[in-house]
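Protein chains: 2
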Amino acid sequence: MPLLVVGSVALDSVETPHGIVEDALGGSAVFFSYAASYFTPVRLVGVVGEDFPSAHRDMLERRKVDTSGLIIEKGGSTFRWRGKYEGDMSTAETLEVHLNVLGTFDPDLSPKFADTPFVFLANGSPAMQRKVLSQARKRQLVVADTMNFWIETQREELYALLREVDGLFLNDGEARMLTGEINLVRAGWKVLDLGPRFVIIKKGEHGAMLFSHDGVFVMPAFPTEEVVDPTGAGDSFAGGVLGYLSSVPDQPPGQLRRAMAYGTVIASLTVEDFGLERLKRTNRKEIDERLHWYQQMLHF
Amino acid sequence: MPLLVVGSVALDSVETPHGIVEDALGGSAVFFSYAASYFTPVRLVGVVGEDFPSAHRDMLERRKVDTSGLIIEKGGSTFRWRGKYEGDMSTAETLEVHLNVLGTFDPDLSPKFADTPFVFLANGSPAMQRKVLSQARKRQLVVADTMNFWIETQREELYALLREVDGLFLNDGEARMLTGEINLVRAGWKVLDLGPRFVIIKKGEHGAMLFSHDGVFVMPAFPTEEVVDPTGAGDSFAGGVLGYLSSVPDQPPGQLRRAMAYGTVIASLTVEDFGLERLKRTNRKEIDERLHWYQQMLHF
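Taken in order, these protein sequences are the chains called A and B.
With our numbering applied, the first sequence covers 546 to 845.
With our numbering applied, the second sequence covers 546 to 845.
Worth flagging that the hints you see were computed from the coordinates, not collected in a lab.
A few of these clues could be false.
Since the list gives no way to pick out one identical chain from another, each pair is judged satisfied if it fits inside one copy or across any two copies.
Stated by the list, open to error - Taking lysine to aspartate or glutamate and the DMTMM-like style, the derived pairs with C-alpha atoms no more than 25 Å apart in a straight line are:
| # | residue 1 | residue 2 |
| --- | --- | --- |
| 1 | Lys629 | Glu726 |
| 2 | Lys735 | Glu770 |
| 3 | Lys629 | Asp711 |
| 4 | Lys825 | Asp568 |
Work the whole structure out from these sequences, hints included.
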């Protein structure tokens, strides 16, 4: 079934120990869409400026990502991020952020998009996320991502969002910040108490944890030897999780775990090259083979 | 089959956010022995001072740990460590160390102990570890642990040890220090190139990785809600791994993974209370139930 994502579309300039790229296509909605496109038809909602190369849109369309919800703002410039990864590359140092047209992003869903059953609200202000959610009139499953900035500045609005969504993605530091709990297992349960049916805590190179009323489930990251650029790992992980969930007829408890495994595998591909480059070179067969290897690895 | 451990026996004073204990029984050989005793008969080699309470030895003997190799040094004092854990408790702050009788520890195996087929050389100087190894004349499997101090100060001796042992345990920071590799997967392969048949990298609350000629295998830590005191987690993990390996008739590749799962489960029990307290309250049935739950968790 179709999957809608609302989030950022960016031009990223990234430096890692493996090299430098300038103005590469990025942003949460892009990484999410590309990853999810291996599982289900994706509908992307975002905004760019007049400087956005049309080749990027064509490339997404070739992956069957419906970009009719990607607005080009007249006279505006695309959101730009410049960052650097050093050492173990576990955290990015942000060198420059230019919100540009993203600063006033106020998405309006077309009737077709508003009917999408699966919805992912990528990182953005909880107020904006709630506004999108209210437009998704045929939603079956809505999952949001968030970040420390919104926990610090819009906590009440975020609480309201958490009462309305089915699932939440956040990273380990954000889970601790949101709940005041240092122990991640306790933090996970506390986030679950705030409303969602499931919570996924992302731990980067250390994997991810799933909390739901069926219990807690922990997955290691895929053992990747060659991390070239971690940008987009979290969003492509979410894309794999939601993409897989959208592609199966129902969601019994076990499906969430399998979905997380798909997300883990997709994220492990993403980090093997800059930006979207590695995801462009993969296919469903390779993804399934890596999933099978991962599944065998965890079997004893 | 019997399992020999050579390592420290300590009186630990520990402060964590959950409380304080003074002069609790600890040390690498103790945590290892106690954990392994749920799987196989254990023989302990260590040294203490005249201040060592005989009740501790009795308690170990009741767990079928043969303490005939525990030397009481006349006029000496037992090794003492005082440490503090704060925040996420991932690392201990050492407040005091008194090596005392451990400073001149020079183990001499009795003929019975020298015939033990399975040997664990807990953290100690590589020179001392090699000396013990040379006495273990009927060894079938020898596994060592090490730490940053020996990597910094006795690297050549450590290299010699690595050519003689079957397996090595070390933590993530030590693996990086030993190999100069930031990426842990690459670091693991590089340690394997130094000689052992398998290498286990411990990542604390993030689990552990196994490297062998059969490939790489990553396991998450058990999702523990109540971490009271992390002291001894790594040594009881090793005790679970080696204890299980000693208890099965042969070591096909898959057994190492199952052994790591047992180590993971034992370590998850250790941290639920101070010192050995939680391990004292467990039994093989509880360990096996937790293993089963963990195995199911990783199945999708």
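> In ascending order, which of the hints set out earlier in this document are inconsistent with the structure?
Replying inline: 3
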